[in-house]
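Student: Chains as they are written, first to last, in our numbering: chain A, 520 to 700; chain B, 3 to 198; chain C, -18 to 136.
Just so you know, these hints were derived from the structure itself, not from any lab. Quick caveat: nothing in here was measured; it's all calculated off a predicted structure. Check the hints yourself; a few may be wrong.
Here are the in silico distance ranges between beta carbons for each label pair [stated by the list, open to error]:
1. A:526 / B:69: 40 to 46 Å
2. A:602 / B:192: 46 to 52 Å
3. A:601 / B:101: 19 to 25 Å
4. A:523 / B:32: 54 to 60 Å
5. C:14 / A:670: 32 to 38 Å
6. C:13 / A:601: 52 to 58 Å
Just so it is clear, CB atoms sit at the ideal spot from N, CA and C, and this is done for glycine as well.
Listed here are the chains, written in short residue letters.
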Amino acid sequence: MTMDCESVRRTLGAWLDGEVSEKESREIRAHVEACPSCRAERSRLERLQFVLRAALEEGASKVTFESFWHGIERRISQGRVRHREFWDWLRPVILPRRLAWAIPVTVVCVLAVLFAEQFFFGLGWGPRSNVAAVESIDGHGFNLALLRESETKTTVIWLFEDEDEEEDEPAPEAASTDASL
Amino acid sequence: MAPDVKEEQRVIVEPSDWELVRKCQTGDVGAFQELAAKYYQKVFMVILGILNHREDALEIAQETFYRAFRKIREFRGGSTFYTWLYRIAVNQCIDFQRRQRRAPAEVREAIDELLYERGEHGTDPYDALEGKEVMSRLLAALNDLTPDHKAVIVLRAVEGLSYKEISEILGCSEGTVMSRLHYARKKLQEKLAHFL
Amino acid sequence: MNRLQKLPRLTLLCSLLLVGLSAPLGAAEKAPQGLHLRIGTILASNESEDFDPKLSRMKNQLEVIKYSSYRLIKEEVQKVQWRLNAVFEVPGGRSLVILPQEYRNQRLALKVRLLQGDKPLVDTTVRLRNRGYFLLGGPAHEGGVLILSIFAMTP
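My request is simple: use the sequences and hints to build the entire structure.
Tutor: The structure is reproduced here in structure tokens:
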């Protein structure tokens, strides 16, 4: 069965590209040889291919390999420099001798811990201990003793009002930390 | 078994290309330079056909080879080297076109010169003026195609790649390649109806 | 590349900013509306061996002060305002003046003064955790000594 013009034109490009079966190829060839219209179509396709290739070849012919390679080589060396620079930057970060980042990081961590406590009361670590911190103390001429008992974490400020009585007074050793009386 | 498959795959690569690829994989820039010398013109032609802009094409072609150099350790020889290279090139073009759109202009200058020279020497099948017009319209028509359609027609025109190879490069079926080619040619013929 | 080199500096800058911001943030901690102060006055002596049952919860602690007898003679609770003096009468013509200064990091700062009439005996500034307390002892009273238990709690 011979092919009609429409089916031939649908596959004419593929036939020229050598992408049709042997049988199909024979049929198309027979049709094209016999059909002036399809022969003209074949010719147009071939010219199209020629013009396109010629244009691109001409465009490429102006590019010398030396200049082209120079562009690639530049990219390769820049890539290596970038790579090296990255490691140069990373090395002091990794090596302990130049832990420049450690200072800010430590500051940030400490602040994070301190402020997490403030903002998240549920964390529960609260004040470090029950021990009252005595910031200043003035006995106005009297003797004073400041006692801090570690086991019960108690702070006692003891006032020795009278020197005569002082000898009789037993020195306190510790006091309570219980929250209620 | 897997090792046998790998051996089979390697056969696809031309021995000389494969040899150079292996050297490149050990960091041999000289071997890569040989591969670049072999393929740079065709890669440039394909990119020029898709982008239709000389400076952009040059930039993208060089970027294509640079990326190929960086990724060459990943190349296992499952396809031909140039198929792999064209795949990188086409992807680069598509990425580039997504980033920016350019009006075609500069390839036309090259074609004008080509036609002028051929007309002068009497080797061109067309009259110089007619040929200029044809190519000018061809480029305008090419520019109306989508990057996918441009890619198939350019890959076929430049390298004469099989539909199978083009389908591997573009990541589509051979049927899609055939239909895209048919469509692209039809569109170009319509635009150049009076000149072809 | 410059951007990479600047990174540690940026980190430093950010941390300094954080430090800068931390001060107002810390200050922004909302102080509770006033606080409760509970002052217990305990008479410790060696005249007997009685131990006031009201002080049973403090027994272990008080015993280490080495007196044989402890008696709670007074307990007073006041709700006081920040930065306003609160005065507690202490037996023997004494008074305890407490000025709640600030509340920060869940700690209360109290300025505490023990006076004999107008004469200051002790002047101290103490930081306590919320619901914490400390002891101020020593003034002689009725053959023994007074121990003041100063307890502070936010509402």
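Student: Output the numbers, in ascending order, of every earlier hint that fails for this structure.
Tutor: none
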